[in-house]
Amino acid sequence: DGGITQSPKYLFRKEGQNVTLSCEQNLNHDAMYWYRQDPGQGLRLIYYSQIVNDFQKGDIAEGYSVSREKKESFPLTVTSAQKNPTAFYLCASSMWAQETQYFGPGTRLLVL
Amino acid sequence: AQSVTQLGSHVSVSEGALVLLRCNYSSSVPPYLFWYVQYPNQGLQLLLKYTSAATLVKGINGFEAEFKKSETSFHLTKPSAHMSDAAEYFCAVSPDDKIIFGKGTRLHILP
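So the sequences go chain by chain: U and W.
Numbering-wise, the numbering used here puts 74 at position 72 of the first sequence, and it's gapless, one number per residue.
Numbering-wise, the numbering used here puts 233 at position 104 of the second sequence, and it's gapless, one number per residue.
A couple of the hints might just be wrong.
What the hints assert, rightly or not - For lysine to any residue, the following SDA-like pairs were computed, each having C-alpha atoms within a straight-line distance of at most 25 Å:
#	chain 1	residue 1	chain 2	residue 2
1	W	Lys232	U	Arg46
2	U	Lys59	W	Ser213
3	U	Lys11	W	Asn170
4	U	Lys11	W	Val148
5	U	Lys16	U	Asn28
6	W	Lys178	W	Val148
7	W	Lys198	U	Gln100
Think of the hints as simulated: they come from the structure by calculation, not from any bench.
Work the whole structure out from these sequences, hints included.
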């Protein structure tokens with residue numbers, strides 16, 4: 003059953019803590035993306051990767067980091083430098099840039 | 130810079146009525162255009178995609194959209210709304226190596 007999985011569904015962060023959101027796909031897609039969604043603001047691109055071992059900053063990369071060591075995986079770390087991390091985070095993948103993006107179910111990050 | 134504008138953050142229609150969600154884009158080159166739907170606390174799901182073949186694009190769940198280059202528009206329509214259509218809808222444009230999303234329109238269906 004092909005698709006994108008994100009875990010956990012809910013994540014709680016304490017002050018000063020780094021947390022990592024998981025994103026895995028078995029669609030054999032080259033490109034992967036991370037978005038942040040806040041009410042009324044649509045989707046904002048955090049980072050994207052078009053190929054293994056390469057990634058680019060999106061519009062709101064400050065306070066976030068990523069890695070792309072395997073084609074199937076694109077984890078996102080929300081660092082302590084991100085002062086307002088509470089949001090819904092969506093991961094997506096596509097065959098290549100400009101193609102249809104397929105989305106995971108999302109992770110909701112909350113601050114304790 | 131490329132952008133997508135969705136007119137109306139909230140739209141309400143009666144069940145059985147026409148659904149019209151408006152989207153205008155700015156792009157210096159012929160783009161790929163998309164409509165996605167999002168149900169509460171879920172990811173986005175593709176409704177339909179325009180890739181410069183036919184200007185009228187048919188999607189899932191009875192939705193369709195028409196690409197009008199002269200108006201730089203890609204409005205989404207459905208002839209008869211159903212309660213299950215209540216969701217948030219996103220228009221998106223892909224002029225290069227990224228997709229740019231609009232801010233979304235929440236569709237409410239009135240019984």
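Right, here's what the structure says about each hint:
1. A threshold of 25 Å between alpha carbons decides the hint, and for W/Lys232 with U/Arg46 the separation of about 9 Å falls inside it, so the pair holds.
2. Of the supplied pair hints, the one linking U/Lys59 and W/Ser213 is violated, its CA atoms being roughly 37 Å apart against a limit of 25 Å.
3. For the given pair, U/Lys11 sits about 10 Å from W/Asn170 by alpha-carbon distance, which is consistent with the 25 Å threshold.
4. Our distance criterion of 25 Å between C-alpha atoms is broken by U/Lys11 and W/Val148, whose separation comes to about 32 Å.
5. Restraint check: the Cα-Cα separation between U/Lys16 and U/Asn28 comes to about 32 Å, which exceeds 25 Å; the hinted pair is violated.
6. In summary, the hint linking W/Lys178 to W/Val148 is supported, as the alpha carbons are separated by about 18 Å, within the 25 Å threshold.
7. Taking the CA atoms of W/Lys198 and U/Gln100, the gap is near 19 Å; set against the 25 Å cutoff, the hint holds.
Consistency with the previously given hints fails for numbers 2, 4, 5, ordered from lowest to highest.
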